[in-house]
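Asker: Working from the sequences, and respecting the hints, build out all of it.
In case it helps, the working numbering puts the sequence shown at residues -12 to 87.
FYI, nobody ran anything at the bench for these hints, they're computed from the structure. For every residue, glycine included, the Cβ atom is placed at its ideal position computed from N, Cα and C.
Restraint-style ranges between C-beta atoms, simulated for each label pair:
1) E34 to D68: 16 to 22 angstroms
2) A37 to E73: 32 to 38 angstroms
3) I6 to F77: 16 to 22 angstroms
4) G48 to P8: 30 to 36 angstroms
5) L31 to V76: 20 to 26 angstroms
6) N9 to E73: 30 to 36 angstroms
7) N9 to D69: 32 to 38 angstroms
8) A37 to L70: 28 to 34 angstroms
Pairs of lysine to aspartate or glutamate, EDC-like flavour, derived with a Cα cap of 20 angstroms:
9) K2 to E73
10) K54 to D68
11) K54 to D38
12) K2 to E34
13) K2 to E47
14) K2 to D45
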Amino acid sequence: MLNFRQITTLSYSQKLQFIIPNFDFDRFAVYGEQIAALLDCRILEREINADLQIWLLDFEGCHLLLKGEYYSQSIWLEALDDLGEENLVFIARLFRSKID
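Answerer: This is the structure we're talking about:
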């Protein structure tokens, strides 16, 4: 199970960053599957590159991007529109309640 240490909402950029201790880019699929399961959302597309993975998620009719980057060793959700930003605020509260 994922061990989230911190959830950071970057509202000016419509992003929700997950701080995962010892993040391993090669295990992005494991992290992504767990995040999708926790959110009860569907994975619509997966794009795998050498240093960046991008998944398109459907969260209650809202499309979000789940991204993982090798160089920054980070993983985040990104909103595609204003509705997505509202959902990120909800998701941040949901995850914070699980780590508090």
